[in-house]
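Chemist: Let the sequences and hints guide you as you build the complete structure.
There are 2 protein chains.
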Amino acid sequence: MLPLGLLMMADHLIDDEAEKFLGEIGVEIGVARQFAQPSDLSLFPAGVGRRQAFARLELADRLGHLEPFGEHVDERRVDVVDALAIAAQLVIHGCAIPLFSGTLGTGRGFKASRKSLQNRDRGAKARRVMTAEIHQLHGDRPPSLDPMMALVAADMNEVNSVILDRMQSEVPLIPELAGHLIAGGGKRMRPMLTLACGKLLDYPGRRHCKLAAAVEFIHTATLLHDDVVDKSDLRRGRKTANLIWGNSASVLVGDFLFSRAFEVMVEDGSLKVLKILSRASAVIAEGEVNQLSAQRRIETSEDQYLAIINAKTAELFAAACKIAAVVAERDEATEAALDAYGRNLGIAFQLVDDAIDYVSDAETMGKGVGDDFRDGKVTLPVILAYARGSAEERDFWKQAIVGHRTSDEDLAYATSLLHKHDTIADTLARARHYGQRAVDAIGGFSASQAKAALTEAVAFAVARAY
Amino acid sequence: MLPLGLLMMADHLIDDEAEKFLGEIGVEIGVARQFAQPSDLSLFPAGVGRRQAFARLELADRLGHLEPFGEHVDERRVDVVDALAIAAQLVIHGCAIPLFSGTLGTGRGFKASRKSLQNRDRGAKARRVMTAEIHQLHGDRPPSLDPMMALVAADMNEVNSVILDRMQSEVPLIPELAGHLIAGGGKRMRPMLTLACGKLLDYPGRRHCKLAAAVEFIHTATLLHDDVVDKSDLRRGRKTANLIWGNSASVLVGDFLFSRAFEVMVEDGSLKVLKILSRASAVIAEGEVNQLSAQRRIETSEDQYLAIINAKTAELFAAACKIAAVVAERDEATEAALDAYGRNLGIAFQLVDDAIDYVSDAETMGKGVGDDFRDGKVTLPVILAYARGSAEERDFWKQAIVGHRTSDEDLAYATSLLHKHDTIADTLARARHYGQRAVDAIGGFSASQAKAALTEAVAFAVARAY
Numbered sequence: 008m009l010p011l012g013l014l015m016m017a018d019h020l021i022d023d024e025a026e027k028f029l030g031e032i033g034v035e036i037g038v039a040r041q042f043a044q045p046s047d048l049s050l051f052p053a054g055v056g057r058r059q060a061f062a063r064l065e066l067a068d069r070l071g072h073l074e075p076f077g078e079h080v081d082e083r084r085v086d087v088v089d090a091l092a093i094a095a096q097l098v099i100h101g102c103a104i105p106l107f108s109g110t111l112g113t114g115r116g117f118k119a120s121r122k123s124l125q126n127r128d129r130g131a132k133a134r135r136v137m138t139a140e141i142h143q144l145h146g147d148r149p150p151s152l153d154p155m156m157a158l159v160a161a162d163m164n165e166v167n168s169v170i171l172d173r174m175q176s177e178v179p180l181i182p183e184l185a186g187h188l189i190a191g192g193g194k195r196m197r198p199m200l201t202l203a204c205g206k207l208l209d210y211p212g213r214r215h216c217k218l219a220a221a222v223e224f225i226h227t228a229t230l231l232h233d234d235v236v237d238k239s240d241l242r243r244g245r246k247t248a249n250l251i252w253g254n255s256a257s258v259l260v261g262d263f264l265f266s267r268a269f270e271v272m273v274e275d276g277s278l279k280v281l282k283i284l285s286r287a288s289a290v291i292a293e294g295e296v297n298q299l300s301a302q303r304r305i306e307t308s309e310d311q312y313l314a315i316i317n318a319k320t321a322e323l324f325a326a327a328c329k330i331a332a333v334v335a336e337r338d339e340a341t342e343a344a345l346d347a348y349g350r351n352l353g354i355a356f357q358l359v360d361d362a363i364d365y366v367s368d369a370e371t372m373g374k375g376v377g378d379d380f381r382d383g384k385v386t387l388p389v390i391l392a393y394a395r396g397s398a399e400e401r402d403f404w405k406q407a408i409v410g411h412r413t414s415d416e417d418l419a420y421a422t423s424l425l426h427k428h429d430t431i432a433d434t435l436a437r438a439r440h441y442g443q444r445a446v447d448a449i450g451g452f453s454a455s456q457a458k459a460a461l462t463e464a465v466a467f468a469v470a471r472a473y
Numbered sequence: 008m009l010p011l012g013l014l015m016m017a018d019h020l021i022d023d024e025a026e027k028f029l030g031e032i033g034v035e036i037g038v039a040r041q042f043a044q045p046s047d048l049s050l051f052p053a054g055v056g057r058r059q060a061f062a063r064l065e066l067a068d069r070l071g072h073l074e075p076f077g078e079h080v081d082e083r084r085v086d087v088v089d090a091l092a093i094a095a096q097l098v099i100h101g102c103a104i105p106l107f108s109g110t111l112g113t114g115r116g117f118k119a120s121r122k123s124l125q126n127r128d129r130g131a132k133a134r135r136v137m138t139a140e141i142h143q144l145h146g147d148r149p150p151s152l153d154p155m156m157a158l159v160a161a162d163m164n165e166v167n168s169v170i171l172d173r174m175q176s177e178v179p180l181i182p183e184l185a186g187h188l189i190a191g192g193g194k195r196m197r198p199m200l201t202l203a204c205g206k207l208l209d210y211p212g213r214r215h216c217k218l219a220a221a222v223e224f225i226h227t228a229t230l231l232h233d234d235v236v237d238k239s240d241l242r243r244g245r246k247t248a249n250l251i252w253g254n255s256a257s258v259l260v261g262d263f264l265f266s267r268a269f270e271v272m273v274e275d276g277s278l279k280v281l282k283i284l285s286r287a288s289a290v291i292a293e294g295e296v297n298q299l300s301a302q303r304r305i306e307t308s309e310d311q312y313l314a315i316i317n318a319k320t321a322e323l324f325a326a327a328c329k330i331a332a333v334v335a336e337r338d339e340a341t342e343a344a345l346d347a348y349g350r351n352l353g354i355a356f357q358l359v360d361d362a363i364d365y366v367s368d369a370e371t372m373g374k375g376v377g378d379d380f381r382d383g384k385v386t387l388p389v390i391l392a393y394a395r396g397s398a399e400e401r402d403f404w405k406q407a408i409v410g411h412r413t414s415d416e417d418l419a420y421a422t423s424l425l426h427k428h429d430t431i432a433d434t435l436a437r438a439r440h441y442g443q444r445a446v447d448a449i450g451g452f453s454a455s456q457a458k459a460a461l462t463e464a465v466a467f468a469v470a471r472a473y
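Residue numbers (the numbering used here), protein chains in the order written: chain A, 8 to 473; chain E, 8 to 473.
The reader is advised that the hints may include incorrect statements.
Any copy, or any two copies together, can satisfy a pair, since identical chains are not distinguished.
List time: in silico DSBU-like cross-link candidates among lysine-lysine, alpha-carbon distance up to 30 Å [what the hints assert, rightly or not]:
{"no.": "1", "residue 1": "K279", "residue 2": "K217"}
{"no.": "2", "residue 1": "K458", "residue 2": "K206"}
{"no.": "3", "residue 1": "K206", "residue 2": "K427"}
{"no.": "4", "residue 1": "K194", "residue 2": "K458"}
{"no.": "5", "residue 1": "K282", "residue 2": "K217"}
{"no.": "6", "residue 1": "K194", "residue 2": "K217"}
Since the hints were derived computationally from the structure, they do not count as laboratory data. Predicted model only: the values in this text are computed from it and were never measured.
Modeler: Encoded structure:
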């Protein structure tokens, strides 16, 4: 049974009857896209976010970039059965709800509109349909994060608890905006890595949960600032915080989360962890500035590009893994192995992201295809196409990237050039190379559930095509 | 003799003859607005900032918001005598050059154009005029930061050295942009406080120099982000970084400096200092978000306003002072005393800033008068005027602050209301109250040069009217 990852925030706790009802049709209540746990409900204290930004139906919000169900935002309660009605309605229209953002395998053609939430009959009627749809998705799925998520589910609850607790502030805008991004999406990839590496090392303590939350705060701060820099409108199918609350709020709440991350680390008290993560933060910022400078520079080399993604993406992956070795008090070789695992996984992850950006299957991808092209970002598919292109093709790239010629036809032509020179496929091949290095980096550890999960996570990262 | 605080960056070190020549007319070469030290020149290693952003004549740049002398920016050398020619030229036009930004007592009516810098004769001729002008400014000046600057001059050189060293990066844009703000202005008030408090405690070590640099990095990061939030064009008479390099670069370089601050603190290794400054950073961000939320909220109370400035300004002043007690390993009472000194000074400082913003003597202030009004910032002068105003006046304030009615005439009327209700004067009176509390907070320390300097710094902060 695939848990739906509904984000269900209710000021009144959901009662047993409702929970049973949900259970019957396979819906579990939990933090969005995390394995649901019985304790999840208690993670949502009454009044969190003050203005009830959480009292949205995450499920509906995620799908098809619908408007949040505004009429409920200010009502201070969400009725579980109402939520079901919507979920069911979506299913009726042919859309199955995945656990992970991006695995929208059958998500085509649905037209969920901003309907009333009071249609209980419809919800009841739809039960069987919904269940059936969900089972359809389950089965011989490609490599997945599921084993890793199962491995760390209990720890992740603690991480989520720290996250929810420490993003609070007397200034209501802070949990409101932070919650939009933190609770509203993402696989919690980085904290999950910290936790999984903890398992790999049989670390018996709890310190890594708090530190994993700090890592997620750093990541979230980076995302908030990135969206300002890139002037993004959408992230994972939701409106970006800068679009909703403005650039200023995004910048400042990012600063808050970043500071809060350091407060949490200081509470843990490991100077070594602080060193790793303060350095990682500086390297990330350096990488982001470097990327900004490289924007619209068609001459960017593969080496320069690798340096950028190593800094802006892989460094935090590496740090997230490495700190598990630090809290578990392992030797430097172990630290280095986990650093290498995370770093190579991070590079693979980013390479796949950069390839996916050009995969023009709008039905699978939703919006956002060709964003890098329009932003003049010189990523590996373009670098390779430019290197392999004819003089005319190079001229095209110059005009496109340097000269801002990025109409839809230009994008179509650009994509055709990428395919002509196999640069999407070759970018994915490069990703597999780094993936393999990640797997080999932890090759020395004896077999365990954790090792298997970490290995499958790499396979998942390089196999995903969305 | 008033040191001019010329920022003189030369790839070839200035020779003895030039230095002597400068000395004769009272010009010292140094970091802008810092006491010049013989060692200053060595602080500017060849190639710092790569694209020679430093190779500007700070002096000229500061006055009247001239264009930087662009022809020299790319030449990789600045001739001292050329600089003099300009300085002299400015003096000829009736402008004396102050040490501190803002003390432009006689800065009216000069029209220095972007002339050639090769006019040595003119420079030579102007010597006497210049000297005379400078002496004119000197004399029975009101309370000043001079004693504090003299007290910490040697330590500040070390701080500057750390700053210049640690703002470097392989990504050229980082030192370029950071240098614009860090080297280009400001009194280094916060690190100066750390150093002066170190003197007060007879701290014999050097750790506080590095930490003072970290404090300045945090402050600089905040300024960079503030200017993005406020969409500012000018800071201390110079173009803001966001105007020159764009918002994205300002956000990301701010992030870099912030991370670097933590790296520097981690190197020092005091968890207590890390706790104080990570907490301060979170509080500052909270205060900034709070201010953003309060923008255009005319009902903001004096208490709410005080909470905002306590967070966004006073917290870092307090932290800067308190960490001196931590490195000197003093007891909690001492920490608390220095915290209180810094906090009250910070509040006084901000109150005066907010009052000054409405002082409409454009000749004294230069640009930027009424910025808070146009931004809809509800500062104490407005809060008091709104509280004391008639129904009609309150309507005006609502229309202005909430309704964006902020034309020049509106500003003029607003200012007249502030004067009518004495709210500028009363804001300054409030500042003196906090200033007095700052002075009393360190009343228990036995008399010393440091205590006198810290006391005079408070007097300076509340007496300045620019």
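Chemist: Mind listing which of the numbered hints don't hold for this structure, in increasing order?
Modeler: Failing hint: just 3.
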